[in-house]
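K.L.:
Put chain B on the given structure of chain A with help from the hints.
From first to last, the protein sequence lines stand for chains A and B.
The opening position of the first sequence corresponds to residue 1 in the numbering used here, with each subsequent residue numbered one higher.
The opening position of the second sequence corresponds to residue 1001 in the numbering used here, with each subsequent residue numbered one higher.
Don't take every hint at face value.
[Stated by the list, open to error] The calculated lysine to aspartate or glutamate pairs, modelled on DMTMM-like cross-linking and capped at a C-alpha distance of 25 Å, are: (1) A:Lys60 / B:Asp1124; (2) B:Lys1083 / B:Asp1100; (3) B:Lys1083 / A:Glu74; (4) A:Lys60 / B:Asp1190.
These are calculated hints, taken from the structure and not from any lab test.
Because the structure is a prediction, the values reported are computed rather than measured.
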Amino acid sequence: MKRRFFFIILGTVFCSFLLVPCVHSGNPFTTQHADKKPIVSFSKPVILSKVFVKIIDLQKYLKVHMARLVRQAETGGSIKPIILLILAAVLYGIIHAAGPGHGKAIALSYVLTQKPSYRQGLIFSNTVALFHGISGIIFVFFIRFITHSSIMGNLDQYTNITQIISYSIISFIGAVLFLYSFYKIVKKNRTTSSINSKLNSVVPAAVIGCIPCPGVIVVMLFALSMDLMVLSLVLGIAISIGMAFTVSIVIALAISGKFALHIANEKRKKQAVNFEALFELFAGLLLMILGLLFLGATI
Amino acid sequence: MKNWFCILSIGFLVVVFFKTESFAHPHVFINQKIKIVFDAKGVAGFRIQWEFDDMFTTMIAGDYDINKNQLLEKNEVTTIKEKAFSYLANSNYFTFIKIDNVPFNVKFVQHFSATIINKKLIYDFFIPCHVSASFNTKRIIVATYDPTYYSAISFAEHHGAVLDEVKGDIERFETEVMIQEDKSTKIYFDMICPTALFLEFRLAK
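Chain A with its partners taken away, still in its complex shape (with noise of 0.2 Å):
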């Protein structure tokens, strides 16, 4: 009964990157894409398209009121608005990272690849989070202080080579993951200890998150606008914090299943020895067909 739960999740799992469309999601303002087709694909739960909807009127109802808090907060005077607007951008942040993307699904499939501690995942997952944000703050100071050129244009540009560069390393480490179980299972080295000791699991998680994020660049150059340059980093920093946070309860989330099929298992140890090799195997490689994929997408 257990064995069959947990093939139906890989299973979903296979499924699910089976069906993850290609699309290049640059800002069709300022970027010419060649197929514009509405993504329609499958039929998601209707309670899933309402949380959804509302996931996105919350971030509409933020952005307004972070804007008129920056608003205030220009015109000095008082620390309220500026205390609002790093809690709004908190928020923001949390709210941000719950729709999709963020690395959160690479993430977990490197996460489900491995045997991370709690502490371990947290460090994985905040990682990925900050380097997502500090290389739009990176993007944004570099872009405006440095070059004095268009930012829209650079941000195309800027996000289509940390992709290809992000994705070819995550097709690397996914393929180094698929050979390793491989080697591990064809020698029948079947210990329970996986490549994590030998990857350092912050390197990774710096590739994965170093796609800048629209949405911090976004709000710090509204306040830039403004020049406020101090409060655009801080807010930077604070939609980063609220990124890190969400993806951090989604890799804790995962981690804590991995331990319940591990203990699941333990009754069972030479069989949960073996469904670990297998999913290890099909995650790596999973991990590297996604990266592949993303790539391909990007190119």
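P.N.:
Relative to chain A, chain B alone:
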């Protein structure tokens, strides 16, 4: 039991997050107004007005309001049209029209203008779409959405859709206009039904 709950929650999370990973969620929010323009024969087209959120306005103004005077001069509008609008031709200008359930492709637009009013960027353009009226009711659905969902478009609360006329006599026609979800169109993994303008019209008896 707890263990299975954890495992199922992973499955759920994986499905939710993996499926939608590669897609943009809205970064641009647009308030829209549509004027339905009639001429002597019937519908002549739709005048679309998009009011962008403050933050997108700042991005566009930062790049294209060269003299930073919060006004868009003719040369700046030309640049905006070229660099921050014309690419939308690939996306039907985010305007998906059905005439009696037959799709109408928006191949070009006319009279594009960009202005900044009350610190909000406004795009204004006209989509020619001639549909002659007859004594039979004709139905037009104008659904506006960004297929990639980088932008979220919603109708303005007031005057989201109004009738207009060009050298015509609007009283020659019986019209009914509604703004509601277009349940026949689902985008973004079937999660969103875009809000659309539903127009029914015919010659008055």
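K.L.:
Run every hint past the structure and note whether it holds.
P.N.:
Results of checking the hints against the structure:
Among the hinted pairs, Lys60 of chain A with Asp1124 of chain B is consistent with the structure: their alpha-carbon atoms are about 22 Å apart, no more than 25 Å. A hinted pair counts as satisfied when its Cα atoms are at most 25 Å apart, and Lys1083 of chain B with Asp1100 of chain B does not qualify at roughly 34 Å. Simply put, Lys1083 of chain B and Glu74 of chain A have alpha-carbon atoms about 30 Å apart, too far for the 25 Å limit, and the pair is violated. The suggested pairing of Lys60 of chain A with Asp1190 of chain B holds, with an alpha-carbon distance near 21 Å, which does not exceed 25 Å.
Consistency with the previously given hints fails for numbers 2 and 3, ordered from lowest to highest.
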